[in-house]
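The two chains are supplied separately, each in an independent frame; assemble them into the complex guided by the hints.
Given next are the chains, with one letter for each unit.
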Amino acid sequence: MAQFLQATVYGLLQGSLYALVAVGFSLVWGVMNIVNLAHGAFVIMGAYVALEANLTFGLDPLIGMLIAAMALFVFGYLVQRLLINLVVNAPIWMTLLLTFGLELFCVNVLIAVATGDYRSIATSYAARGFSMGSVRVPYGRLISFVLAITLTAALAAFMNRTRTGQAIRATGMDRVTARLMGINVRNIYAVTFGIAAALAAACGALIGMVGTFSPPGAGALTLRSFVIAVLGGLGNMWGALAGGLLLGAVEAWGGQYLSGTLVNAISFGVLILVLIVRPTGLLGRPFYEARVEV
Amino acid sequence: MRIRIALGLVVLLALASCGSESKVTGAGGTAAGTIKLGAALSLTGKLAREGILTREGYDYCRDKVNAQGGVKVAGKFYKLAITYQDDKSTPDTAAQLVDQMNDGGIKFILGPYGSASTEAAAAVVEKNGQLMIDSAGADNAIFAKGYKQTFAVLSPATTYVTAMVKAAAELASPKPKTVAILSADDGFSKTAAEAGAKAARSAGMNVVATEFFPNGATDVSSELTKVKPKHVDLILGSVHLAEGIAIIKQSQELGVNPKGGFGLTVAVPTPTFVKTLGKAANDVIGSSQWTPQTKGRDSLFGSAEDYTTGIRTKLGHAPEYHNAEASAACLAFIEAANKAGSLDVGKVRDALASLDVDTFFGHIKFDSTGKNADKPMSVVQVQNGQLVTVWPKGPGTKPLVWPTPAFGRR
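If you read the protein sequences in the order shown, they are chains A and B.
Taking numbering that gives the first Met the number 0, the leading residue of the first sequence gets 0, the next gets one more, and so forth.
Taking numbering that gives the first Met the number 0, the leading residue of the second sequence gets 0, the next gets one more, and so forth.
Straight line, CA to CA, 20 Å or less: simulated DMTMM-like cross-link-like pairs of lysine to aspartate or glutamate:
(1) B:Lys338 / B:Asp366
(2) B:Lys274 / A:Asp116
(3) B:Lys197 / B:Asp184
(4) B:Lys225 / B:Glu210
(5) B:Lys274 / A:Glu51
(6) B:Lys392 / B:Glu169
(7) B:Lys338 / B:Asp357
(8) B:Lys87 / A:Glu102
(9) B:Lys392 / B:Asp373
(10) B:Lys87 / A:Asp116
(11) B:Lys144 / B:Asp349
(12) B:Lys147 / B:Asp373
(13) B:Lys147 / B:Glu125
(14) B:Lys278 / A:Asp59
(15) B:Lys225 / B:Asp184
(16) B:Lys392 / B:Asp357
(17) B:Lys274 / A:Asp59
(18) B:Lys313 / B:Glu55
Hints in this document: simulated from the structure, not taken from any laboratory.
So here's chain B without its partners, still in its complex pose (with noise of 0.2 Å):
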């Protein structure tokens, strides 16, 4: 009896193992007129949530591209295929999985969730002679490595609070001249804090405090207290959606009611900010890679307003700037194999290289270290429950709130 249980085992695990490698075979592209992508995300553990957003995101874009036929390379139609692996929100499984997906003969790399992930990926590619197109890796530190295969559509983490200093500089009247700037102590967070403090300086504000946490903190309450004394006109998070949460929350708590208000990079875009705080939230401004306001077109998606209505059609639920950063990295592929007319890897890559076109997400152009350094960050604010655009100004854009009331009387 045991013996056939066994080997009943055997078998079953055998027939898993074929099950599994069947999925990741199948040359770059060749096969029936299918190209095959990988990505390695974040579909469960810390990060599912974005991870979930930016499948979504890819997903979007494949069926989008399929329902015209395909891409067109050199005259002929090529259908999209993604594989998806779990990295478990872990940046060396991500980097593992890539590697496996080059055993398998997958090439095409779209980036995984996050600056931690996309980094450790990246190595992984450049060793490899893989393409990735990262969407969601915003680190200035996997640009400053030399490597020739990674390639971003998103803005640089430096650009993060930058914008909202720009913002605030530009469109609050009084003018903040007092700055505290709270931050996260990954690097995509520290380096978008460091480049804001130099923001701010240039714009004549007065950096008084610069303090640190560790990423994901619950309580920032050590921080917030030691900044209380100071009464600065704005303070600014470089953080993730827990710490700006608990920004907002043991602010209220301790009583720290900045004279203009609050600016909270990545928390504020996320529409779980305003569910959890309520009207703590309102009149918080925050930095999107993406809005329904974002300016540009391209062929396959329409406008950013197009896009907004689409996913909404498709998924449910309103895009995220998560579901828009995903669609434009796979856009920027197909961009590239439609240019190169080939789906030899160097040549897609020297195709990226050389992208130069408006899309739903905004331009995209590559630097030589393979940034999208030109496209703008939007500064979004929470206005009575709603994210609304506020910078840079233009069509469907609302004047800022400035400045924001006390706790309490929002």
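The following block holds chain A by itself, in its conformation from the complex (with noise of 0.2 Å):
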């Protein structure tokens, strides 16, 4: 029971991670219907930032979150601008071989300019926890736990309650008509993309904190955001929350009764049966199928 209880815990915390990966990446799916296949880049890109802001001036993790998420802003708002929105009105298969495309770039240059190594930013107290009966809490994992439960909750209020995040969601539902409403669009998209790439970034600071990272790792990122945008409902930022923690859950579980070996078995026999089940996703609404494409 004490095994079951701790798997359960360190599950949930280490889900929590996976779904500020995802949060940013359902964002743009949902938004752009583009698949960023490059979204696990950004993730590592900002783990880089951090650490350099932490080894060059000393910065903890937490700090150079910030930096890294307001650095990555800027480049996905660029990245968004410059070049998707070129592709942005062609068949999906373009967007994923630009994506795709970008994130063999980014991860080639991660790996000239830092080496393949595994890296990991130091801090003295994320390794450190406190038990609750025998069940071992980390410091480090509950306030990635906390953090990416407090960024979705700010995502979900600032698409809500502001008028850029209207205008984020109106574009996301209709492209043509929110123009007619004299949204900038391509203003809108880079923006979203930008926000995505902050998230991602801000995770990469957080799993550099309490995990290792190292520029080959982009692919296994992007993959399991996919299953839990997938999973959670496209385009909704309390899906992929719920989704990152179930999937979370179900890996320790499974880890735990199964072997190990079957990590990935388990995430995507999750996945089949929730699409069996509930197709547009754990919180999908159809909401977002009533989007009008043109």
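Structural data, given as structure tokens:
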């Protein structure tokens, strides 16, 4: 029982990190219908920015996280504005090709600059923790958990309460009408992409704090985001959070009762199961199905 | 205008293809007193770091022998030239590149990095009648197929965990009674883990758990959660760097403190291990193909200590065992060509098969399957952030720190 509880708690903590990776991915997919295969690379880039801030200026990764998010916001904005906007009307495989190319480019530039080494951002507190009965809760992961939920909530509030957020949602629903209403779609797309990249970078800093990262790990992060985005329902922030937590818990339980080598089979098994039972994802609504593609 | 651009492109492409062809042509070792060797290495992709270390080792050997005038074969001196191609860390590509090298007339191959690529390349080498000196493929599966054209200078996979078991049995006090083995699920790691479990049992230890996780995993919390309630004396990991770091990081998070300590094969001798984990890395033991305390010397590199100084001067960093493996493979080729007195592939192959030399890398003598079976593995330990050799005992080795204090008191 103690073992089950420990696995569950740790799985949920781990799942919150998965969720934070997936929130931005899901946002871009939901609003722009772009499956951004370079999303994992943005996470790793964010981790490197936070690492560099830590090594050069001795900044705590939680502060480095802000710098990483700002840097990647600018990067994401420019990538969308100058690059992805060129193919945003093209068939889906064009955007897949472009973002895949972007992923290869980013990962290989990172390898060239930073080597393929596994890196981690050292702190005095992340690996320490406290015990609740027989369950051990590490501080670093607890902080990540709280931040993941806070950031998701902040994003949801931003999307619902602010003019920019509403413009993003409107553009996601019907681009032509949004334009007729005076929304600068190019700018909104770029802002959306920037927000996604900033969230990815923030998550990268957290991953660097509690775990390890290396450029070739980008692909696995993108894949997991894909699973979670579909699992949770496209474009739904809370859906991505629920999907991430569910995946974390299921993987932890699977690891306890099955062989640890089956972890990927478990993730995709859960995905298939949810899609059979609820094709719109856990929290997906017909809302996004009503979107008009022009 | 368009036509002109298109024409220009065609010309450029034609030029480029000529350029790349001229790189791989030249028959195996006659042109202008040069011996052409080829190596498909992971210069990009996930194994880029190790691939580049391997290239450094090959280059160091080439520069060293060329500075002495070259390789002496039947009274004549030949310069060494090595053609590198990037296999992008994928085994299939490594095999294709080795095949292309054969088309370009390169018969002598220096091994790629890692067991998977080496295994793929070995099949091609055998088919083409090339000759490969393997520097970094330790999985015993490579040598279980009856290949005649692949020889490995490094100790096989079965010795990686076994060496740590032997070191613990010989040096640790109190001797560990219970062991848990955590292993990645690739061929190399599994072979090492199984052999280690067997060695532990025959050393009188009780192997209470053997857990597997995917190769390259950065989350091994499930396995640690399963092992924690068993309160073992020693946790042995048959792992690469990523999983090794994850085991220590997450053990710290989950409060897994084996009474004796941790042993994590190849993760520990990699400098990143200590750099990433800081104090948590202290007292962890690991196994290494080579350390600066390895016994033996040869005429090209001198002793292991001379090799260390040489690499430091040339490359500005301390040698890793990947450097040494690569240089040793190149050295084995030089010795064999010298002994064969010919650059005929068959003759060099036979000379390799009967090679029996002392080197800075330890003794090199291949068994009938092409493994360097007798070379002992070394066991290293992180002590105050420094990597020291603890086993086998000899000049320059340090006593084993045992048992390991819990995390936080290191």
